[in-house]
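Following the hints, put chain H in place on chain X, whose structure we already have.
From first to last, the protein sequence lines stand for chains X and H.
Counting from 1 along the first sequence, just add 478 to a position and that's the residue number in the numbering used here.
Counting from 1 along the second sequence, just add 478 to a position and that's the residue number in the numbering used here.
Read the hints as simulated data drawn from the structure, not as lab findings.
Worth double-checking, as some hints may not be accurate.
[Stated by the list, open to error] Each computed SDA-like pair below joins lysine to any residue, with the alpha-carbon atoms no more than 20 Å apart:
#1 H/Lys-480 <-> H/Val-639
#2 X/Lys-636 <-> H/Val-639
#3 X/Lys-636 <-> H/Gly-643
#4 H/Lys-777 <-> X/Arg-793
2 protein chains.
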Amino acid sequence: MKIMLIGFGVVGQGVAGLLGARPQLDIEIVGVATGTRGSLYLVDGLSPHQLLTAIQSGHLDHYPDAPGLRRNLDPLQLIRDSKADVMVECSPSNFQTGQPAFDYCRAAFASGKHVVLANKGPVALRYANLMGFAGDQYQVRYEATVMAGTPCFALGEKYFVRENGCPISDIRGILNGTTNYILTQMGDGMNYAEALAQAQQLGYAETDPTADVEGWDAAGKAMILSNVFFGNQLRRNEMSVQGITGITQADIASAHAAGERWKLIVQVTPAGASVQPMRLPISDPLAGVSGATNAITFKTPLLGDVTLIGAGAGRAETAFGVLADLLDIQRTLGR
Amino acid sequence: MKIMLIGFGVVGQGVAGLLGARPQLDIEIVGVATGTRGSLYLVDGLSPHQLLTAIQSGHLDHYPDAPGLRRNLDPLQLIRDSKADVMVECSPSNFQTGQPAFDYCRAAFASGKHVVLANKGPVALRYANLMGFAGDQYQVRYEATVMAGTPCFALGEKYFVRENGCPISDIRGILNGTTNYILTQMGDGMNYAEALAQAQQLGYAETDPTADVEGWDAAGKAMILSNVFFGNQLRRNEMSVQGITGITQADIASAHAAGERWKLIVQVTPAGASVQPMRLPISDPLAGVSGATNAITFKTPLLGDVTLIGAGAGRAETAFGVLADLLDIQRTLGR
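Next comes chain X alone, as it looks inside the complex:
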């Protein structure tokens, strides 16, 4: 199976790393496109190791010459011209328009390719549209868009709903690692500013942490879950979204004294979604989720609550979600 990568940042490099370590998988990278660091196409397959060496030295131009190698195609041209079976969209998410990733997906379908998204934009903002363009002919996967490689869609969508006809009535989750890390550190005595600074130092939080701490990253994931599980395309202004900036050390201490924990909780039902800090009793499986870890609870009529807890970010972790999608498509195609 031949794949092409749109975007070659943390996730794309993680995918190359995993594939380089598992050559027996029969998944070949034939194309890579970046915004400002060049692009490459080689129908016989690019070397994951040399791709990583090139990008680590700053630009894909450093990839060694090879017969048939084409350089610096723009992404749309690369998508249209490349003989790849799957396009992996792992460029940065745009939560305003979902672009240019959405157009890349359309171009992928139009040129006969399945699509794997680590990019959250199209799945959050234009899911029905995306599935419409894919039609029955093309597969679309997006495991890494929520909880990185922790398999919330493989468990919730594929296993429960599709394979076993077990509906999901309600979803709750801790889907932003940065805020959970900050709340956990505040529980251990830090104030908000110290905890945020530490999260930034560890690479959990961006220099501008607004999207995380104001709840917008979590809201984007709520939109994805609403689309996938309930077929309900929410707009941002239809959700109540509240971050953690209003939580004080006194709030945290008062919760601890009552045997409770503050968590930034995403709630999604067929009727809508919200993001808000909530005090959970220790007996709630989500209350014990600490640090940058993520968690999701599916409420089902047959099995009751089923909770999945695991990594929500990280290079290898996110790349594993993409790889799982690729292998799932490979199985579907019977290869």
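Coordinates of chain H only, in the frame set by chain X:
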């Protein structure tokens, strides 16, 4: 797909209930065998509803006559003679010998049937043997043997190991609901005897609670996990097994004061397994698992710890695990 049930207690009746509610599934019960309440065989398919009515009135003899209906075949005869695709073994588990379930499985393979086990005995005691007799030709599934229908094998064995080549290096779990219920109630102020009495009243604990409270039920599940994930057939005397009868209210209170919780923890590694009460910090996802709920943490090199929390018992919950196995076999057969 035609199935036969060996055993028609809580689990078997749960399966009949689920199939009765979902006639679109194309899974037909053609045979049912019980120890002392009769057996039935009808190649055209038995009615789930009438099976439940008959057994609830005490004996399968109450099932109405029908052309071709055969009554009171013994289990081995029923297995050998019935035109079923799958045998479901859901009679009570025997942790001494795994019998007679193991011989029933052999007879099933010998007469061309796949096998689904809710019965833990053969999976705990003779897994390699079982898989050897199944060979490449017959499928064996056992989702309901650990955590009822909460999909610990679908997630750990199928998704991580088989489909995605992600090894599991270590497993920890809360796999006995009765003891977790008792420990949770003791945390809320009951003494051991009161908590046990309440567990018995609610149907979580048997009249003789020894297998639960001494850790032997959990040890049986440790043996199953050791077999499935590490190919290591443990004997009971090779495991350190300690129950919860030595835990006092003072122990519980002291753990609470330190922000910790006592849990009966199953640990399984490639080198062996143990069952013992442990004090876990609240930051451990297993610490927040309360009441009769079960949980399992898979340690993986790629994704770190992944924890699954859900029901570990119950009629519909266990039957759902069996149904998921049946649907998985159905997909494998391409029907």
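Hint by hint, here is what the structure shows:
Distance hint between H/Lys-480 and H/Val-639 is unfulfilled; the C-alpha atoms sit about 30 Å from each other, more than 20 Å. Restraint check for X/Lys-636 and H/Val-639: the C-alpha separation of about 17 Å stays at or below 20 Å, so the hint holds. For the given pair, X/Lys-636 sits about 19 Å from H/Gly-643 by alpha-carbon distance, which is consistent with the 20 Å threshold. Distance hint between H/Lys-777 and X/Arg-793 is fulfilled; the C-alpha atoms sit about 18 Å from each other, no more than 20 Å.
Hint compliance for this structure: hint 1 alone is broken.
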